[in-house]
Amino acid sequence: MNRVHVEFKLNGQHVSLDVEPNYTLLDMLRLKLDTLSPKKGCDSGDCGACTVLVDGKPVCSCLMLAPQVDGMEVLTLEGLGGEKLHPAQEGYVKAFGLQCGICTPGFIMTTAALLEKTSNPTVDEIKQALEGNICRCTGYAQIIKAVETAASIKQRS
Amino acid sequence: MKTLLPQFDYVRPSSLDEALRILDRYDGQAEVLAGGTDLLVKLKDKLTYDKKIVVDINRLKELDYVRRVGDEVLVGALTRVETLYGSDVLRQTAPLLTEVGHEFGTWQIRNTATIGGNLANASNSNDYGVALMALDAKLRIKSFRDERTLSVEKFFLANHKADIRPGELLVEVSFKVPAHGSGAAFLKMEGRESSSYPIINSAALVRLNSKQEIEEARLAVGGAAPTPIRLRSVEEKLRGLGLNDWETIDPLLLEVKSHVNPSSTNAASKRYKVEMAYVYLKRAIKAAASRAGFLSEQRAGTGLRK
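Chains A and B, in that order, are what the protein sequence lines are. Residue numbers are given in full-length UniProt numbering: position 72 of the first sequence equals residue 72, and the series is strictly consecutive. Residue numbers are given in full-length UniProt numbering: position 139 of the second sequence equals residue 139, and the series is strictly consecutive.
Chain A with its partners taken away, still in its complex shape (with noise of 0.2 Å):
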């Protein structure tokens, strides 16, 4: 098995490595990345926890090889605010749509993303958007709370 060179760009930070091709996206970002934000959760594309934008969409970093990315973008929540959190993480911090923590970095990729597409999406919108993310503590209301919160946020700012 050979090693694959791959360069992309991981939170605005130039990266270059050699990669056993057998790494997924999410195995190369936690071990050889140390960027522990994706969580491996199902690890089979069901949960959302290891949920990272990819060229600004949100993927499964769990279903995709790590040389698939380069020369792309990847983006996770180690990147996502800059001095000041991002309205999605405000959002959740504002309205507690989080208990034990595990899924809220997968949560707040893709609501960032959602927010990207649409600045003030309906409850059906959003319910739409997090099929794909699973949190077994908060039933959600909190959640769907911490995404209007979070799309007010962003259009004051």
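None of these hints come from the bench; they were simulated from the model. Hints are not guaranteed to be accurate.
In silico DMTMM-like links for lysine to aspartate or glutamate, alpha-carbon gap of 20 Å or less [to be verified]:
1. Lys127(A) to Glu255(B)
2. Lys117(A) to Glu82(B)
3. Lys42(B) to Asp43(A)
4. Lys44(B) to Asp46(A)
5. Lys117(A) to Asp88(B)
On a predicted model such as this, the values are computed, not experimentally measured, just so you know.
Since the structure of chain A is already known, use the hints to place chain B on it.
Coordinates of chain B only, in the frame set by chain A:
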């Protein structure tokens, strides 16, 4: 901990020609990686692996398109489900294909999964296969030396087995824009609304004549046999019947039960699936017929919309 995956080499061609050359050279030892949403799950279940190399075709932009050419619609095999879901061309020509996108996986999955991958993976309930049967779609398959076209109906050989030979790549899906007076619908029964495999899916296309009689019907059902199936003998019997003559149509549809042969799974028993194949086909026909009726009345100017 790193996920255990079998060992393989990786290559990422940048053109279709290069991809076909590689597939030709490895002659059956190569695995094609499109969206990967099925392939990666499959690889994670394997400790031994008979393929040498994964051929990542995601950079073949030439296979990512939806366009109308005359009375035909052409869809590149690498077109993502999310693109199909939002496609104006499909909404105008074959909205049942956008309906497939509405209930397909999750946003994350729709952003990566491709129509070609969904077809080539050949699950017996693959959504696009069922919907495309109602459109009488054709598939274009290329290899380095050759090219062939076959109907989607012939493509599925068994559950998870499609008619793709070593060295071949599915490159394009095409179908004729349904004639005036047609309506079509796709329906799916799942354990839950998103991110689960269909238990039964169904598709119907119905074309009505000016007397509101069924001129043509095309019916397909998935999850009810080792492959998605077309129900031609039932289609024949519907021809000439009036759109509102459900008392005649309904007993005819019971015949569906004798054409299906599902297996019991964790999700549902064989007996239940037989019943649901009938129920979901009936619903698809009703939805398709009412759309066809609505459309033909619109065209005839009978006043549904000014």
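Comparing the hints with the structure gives:
1. Lys127(A) to Glu255(B): 39 Å, violated
2. Lys117(A) to Glu82(B): 13 Å, holds
3. Lys42(B) to Asp43(A): 12 Å, holds
4. Lys44(B) to Asp46(A): 14 Å, holds
5. Lys117(A) to Asp88(B): With Cα atoms ~17 Å apart, Lys117(A) and Asp88(B) stay inside 20 Å; holds.
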